[in-house]
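For the record, the sequence lines run as chains A and B.
Here the first sequence is numbered in the working numbering, starting from 1 and rising by one per residue.
Here the second sequence is numbered in the working numbering, starting from 1001 and rising by one per residue.
Hints may be right or wrong, so weigh each one.
To be verified - Calculated lysine-lysine pairs in the BS3-like style (CA-CA distance at most 25 Å, straight line):
| hint | chain 1 | residue 1 | chain 2 | residue 2 |
| --- | --- | --- | --- | --- |
| 1 | B | K1145 | A | K48 |
| 2 | A | K48 | B | K1084 |
| 3 | A | K318 | B | K1008 |
| 4 | A | K53 | B | K1145 |
| 5 | A | K315 | B | K1008 |
| 6 | A | K289 | B | K1142 |
| 7 | A | K301 | A | K318 |
Quick caveat, the hints were computed from the structure, so don't treat them as lab data.
Computed from a predicted structure; not experimentally measured.
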Amino acid sequence: MSEERFLELLIGPQHPGSGHMKITAEMDGDIIVGFEPNIGYVHRAVEKIAETKTYMQIIPLVERPALPDTANHNLGYTLALEKLLGIEAPPRAQYLRTLLAEINRIHSHLYGIGIHGIFIGSSTMFMWAFADREPWMELAQQLTGARLTYSYMIPGGVRRNLPEGFKDNALKATRYMERRLKDYDKLFVHNPVTVARLRDVGILKKNLAARIGVVGPTLRASGISYDVRKIEPYCAYPHLDFDVVVREEGDSHARLLVRVEEILQSIRIIRQVLDEVPDGPVFLESYIKLLSPKIREEAEKTQIMRFPATFAALKPPKGEATSRVEAARGEVFYYIVSDGSPQPYRFRMVTPSFRNVVAFKYALLGRRLADIPAVYGSLDYFPPEADR
Amino acid sequence: MAGSISEKLGDLATQVSAVSPGRLLITVDASNIVETARRLHEMGFDHVKSVTGTDYPDENRLEVVYHVSSFENLDLAAFVLQIKTSVNRFDPNLPSVTGIWPSAEYLEREASDLLGIRFEGLSAKGRLLLPETFAGGPPLRKDFKIRTEGIDA
């Protein structure tokens, strides 16, 4: 501390409020002049553990850090692994992957909006958003068999085909969500209290956002049109019609609005996927041939693929692969080094929340102490995702 | 793209090549890393996505890879540059690129914490992900073994 007039204020690491993180704020009166997040309280060594696991065992591992958004983390890893293996999933599987990725994006954004709500005192917004995750979790369960940790995407395709009646349920959920977003708008999103707390608060200017390297809605709310689904399209995204939501303001309200509008875009994508999903296998045919006749027959009958034992010793050839996908909170980046053994030699996973930690240092400078929850909530920061 | 980068970097890089769609490999000597960063930044590569250290004990080196791309220039955003360099495993010193790319701050701190790489010029001190009391060696080095729990332990 340089001068005596500044007070060092410690916030956290008890959750909730600081969210498994210790913040050291340097205060001049109630004005923030320094803000240093100290993370790692929920670090679980995902990268190190991955080096001791087989490639299939890593699928559930990469899902754990980001529970509201497991599909996108699963997807990024699977795409990197497929690059190592030199394979590509069939078109129907690509559409089903996109479907689950967007269901998860809505789920994750609702989670973020709900937390943002309670942070600035709207417990109703928290209750509503958290409850409205339910239809999306149920849809995911119908598709994958699980509510949160799906392990749905495997190298070569997806584990299950679209179940009967799914389309009607999904369309119902999209209509429900559209209605609810109108309620959210009145109660919270454009409520004068919310606007007063968030507008012009916690501004990240365009140039700064790019320099410090934030990702996802936080980046796009600062006027940068970077969305991996458009920049390096994967799965079914090249064939789908959707807009990248960008806002120029860079403040806490803009970040909230980007998330709300992205839910509408996800609904648009889901409807297209349901209409346009092509027929055909959901798993690579050359891999299906490797299965024993009994498992093959069972998979054909039930349209559910069990993890075949053949995969336990999956050995990608020596080499490296990288992948990036647009997860709900932003870009997730994978880099895998294979030495030809059943475990990766080096496994690198950089999550959006980790990339966004740096935003805390800049967004709050010059703001008042009372603005911390308003800005924190707007960043949709998820400590387990950052700490991995 | 490989051509224009090669031209911009001149003698700095020992290799510039396209390795797969949208991915370029650039290898440089550790002493040239900041100048390489400066020139790529001039071209519009404005952020770092990842700083990854990989331990190769048999070769007595730590390989460090910077994955770099652009947010503001969407044409450049289609590319991810992989800038590779190596440092001695027992004396892993590297100049920090945070002066050019502030986005590398937490990534370098992580590599410092988990791999024991020292980044000269990195202002932040102390551990990032590990507890301050952590006494073992850098856990992402190959000689660090995870202690398992349960029936086999």
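To see whether the hints hold, each was checked on the structure:
no., hint, verdict
1, B:K1145 <-> A:K48, "holds, 9 Å"
2, A:K48 <-> B:K1084, "holds, 21 Å"
3, A:K318 <-> B:K1008, "violated, 31 Å"
4, A:K53 <-> B:K1145, "holds, 13 Å"
5, A:K315 <-> B:K1008, "violated, 39 Å"
6, A:K289 <-> B:K1142, "violated, 37 Å"
7, A:K301 <-> A:K318, "violated, 36 Å"
Comparing the model with each numbered hint stated earlier shows that hints 3, 5, 6 and 7 do not hold.
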